[in-house]
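Peer 1: Here is what each chain is made of, one letter per residue.
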Amino acid sequence: MDMRQRWYQRVYCSVCTRSGRLCVVLLCLFTMGCSTTVLDKARLQYASGDAQSALQTLGDGSEVPSRDKLLYWLERGLILHEEGNYAESSRELLNAAAYLEDNDFVSISAEARSLLANDWIRKYKGEYSEQLWIHTYLMMNFLSLGRYDSAAVEARRALERISDRENVLQHDAFTRALIGLSFESAGQANSAYIEYRKLADLTGKPGHSLTSSLYALAKSLGFDEDARKYERQMAQTPLTTAGHAEVVLFLATGRLPEKISSSLITDYDERVAFPQYLPDRDAPPVVTVSVDGVDCDCSVVASNLGQLARSSLNSRGIALTTRLLARAAAKDALADNLAKKDEVVGEIARLLLFVLEEADTRGWHSLPGHLSLLRVPVNKGSQEIVVKSFSTAPTIIDVSTLQAGERRFIAMRERGFLDF
Amino acid sequence: MKKINGVAIAFLSLFMVVSCATTRNIDTAQETHYDASYDFSDKAKIVDRLSASLVDYAAGSTIKPVVISYGIGNETSEHINTGGISDDIRLALIRSGQYQLLNEGQRYNIQDESSYQQSGTVPASQRIAQGRQLGADYILAGTLRSIVKKPPRSIRLVKKKLVYYSLNLELTNTESGAIAWADKVELAREQSRPIIGW
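Chains as they are written, first to last, in our numbering: chain A, 1 to 420; chain B, 1001 to 1198.
Derived by calculation from the structure, the hints in this document are not laboratory data.
Just so you know, these numbers come straight off a predicted model, no measurement behind them.
Be aware that a few hints might be false.
[Stated by the list, open to error] Here chain A is said to cover these stretches of chain B; the calculated rule only asks that three of the stretch's residues, wherever they fall, bring their Cβ under 8 Å from a Cβ of chain A:
no. : segment
1   : 1069-1078
2   : 1188-1197
[Claimed, not checked] Listed next, the in silico DSS-like pairs over lysine-lysine satisfying Cα-Cα at most 27 Å (straight line):
no. : chain 1 : residue 1 : chain 2 : residue 2
3   : A       : 198       : B       : 1064
4   : B       : 1150      : A       : 125
5   : B       : 1045      : A       : 125
6   : A       : 219       : A       : 205
7   : B       : 1159      : A       : 123
8   : B       : 1161      : B       : 1150
Glycine residues also receive a C-beta, built at the ideal position from the N, C-alpha and C atoms.
With the hints as extra help, turn the sequences into a complete structure.
Peer 2: The structure is reproduced here in structure tokens:
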């Protein structure tokens, strides 16, 4: 027997011993850890209002595990957006979109590993709603940068996402309004008209701003009958100000409800853990807008992101349950197998597998609870817009430099009470 | 033991092959696609077909029409820099010798340079004459569009996607507003990707 054969034999023998088997089980389980320290630290810093430190902590992402790379781009993209760095934010969010496209397949290796531990081992690919909101934030960024063609590209990508999961995502009125606005700003009248009509059907009662957009687009496209219909509707709800310019506010309020791990104990030593969202933290925003002290009759289109995220999670309930059951069966089989060879090792493995059963509660934490789009018509010579809400001090926007026909996009975040 | 050594060698060789990074030059005239999205081969095809059609349109004319390019709008679901298409078409028209192209992108620079020369810094004999720029006879503009189609959701092992691109280009007479020439290029490609991977 040469040296190499003796070495193989030694390794085999050590694995066959009780301690060896335990070591293999422990090694397998602990390499499947679920720590995302950098992301957690950055989120805490962001929640305490220190966005710069959060960005610094996130750094170049080299310390973020590859399975959480998407979350790195999402958190960084949103923080940069709120810091007003739209170009950099777009780069990060485009990386996130490209990552999703590249990883649009089921990884056998990750699925096999997750069967023995939990879903944290898999690459995070986001809830369907989060996948859509990548494009929502990109549209806001590109509109703010004046890159209307790029905003329209993102609008089309958002439409593809919505058509993939229509039953859930079609209820996102804010994104739908943004899609219409992106097409309208890019001069793609036909597409804008279609999306505004869908938005009018979704909201049930379109405001004056949406009706006037529909009227103008119908007229430019030669849809005379439709134009007359919208003209009649506009006459019923006259504007208090005849706007010559427009300020579009993207108002983000509150925080997305927390995703937690809930357990179902099936036996004294078996349990399955599944993710669920807690109830909404924040009430829908109550916002009043005035132009030079006169209350604005501006239309508001809002989405409850918590509700959409919850529906997205529920929509993959069957796939989630199937995986949970498969994992429970695999863990049981593994523990039984080990117990046949060594009862103590089997029981320890069973205990570890029980402890390790944890639902994947990863998510895009910096998202707001609600997104509202307000279109504020501004008269020639107007000086300021005041945005008031219940939780923070009024925000004053200077509009004295607005040119005739100009449309200005302003993104605002009102976080209210943060309770990380 | 020999069997184990053989397997180890096979794995090692596989790893070495996988880890080797290579670069190679690609002939730009050769059609190359990695997926269904827009790439340089598509751009070359679009530019070749449309510029040839435009050159044909002016063939036999004794005067060189003055054209200004107002770019190509992007109505696809990809971030495509359509400036590359209009630049290459412009280049092909200049090379054909049958058109005169105005440089819209340099207008403000020309204005600045002209004002600087008139400011008294440059001797009168060397100043460019003002009011001598050409007026455009035609505007060249177009739109790149795409339609992405996916099969209905069902149990399958591959994901398929059909992408259709069309570029419509028009030459509009600036005096009459009539469209003097129009043409289009259509491209369609199907992509299929496995749903399961390692």
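Peer 1: Does each hint fit the structure? Answer for all of them.
Peer 2: Taking the hints in turn, this is what the structure says about them:
1. 1069-1078: Three-residue rule met by the segment 1069-1078 of chain B, so holds; n is 6.
2. 1188-1197: holds (count 5)
3. A:198 / B:1064: Given pair residue 198 of chain A, residue 1064 of chain B is violated - Cα atoms ~49 Å apart, limit 27 Å.
4. B:1150 / A:125: holds (20 Å)
5. B:1045 / A:125: Answer violated: residue 1045 of chain B to residue 125 of chain A is near 36 Å, above 27 Å.
6. A:219 / A:205: The given pair, whose Cα atoms are some 21 Å apart, holds under the 27 Å limit.
7. B:1159 / A:123: holds (20 Å)
8. B:1161 / B:1150: The given pair, whose Cα atoms are some 5 Å apart, holds under the 27 Å limit.
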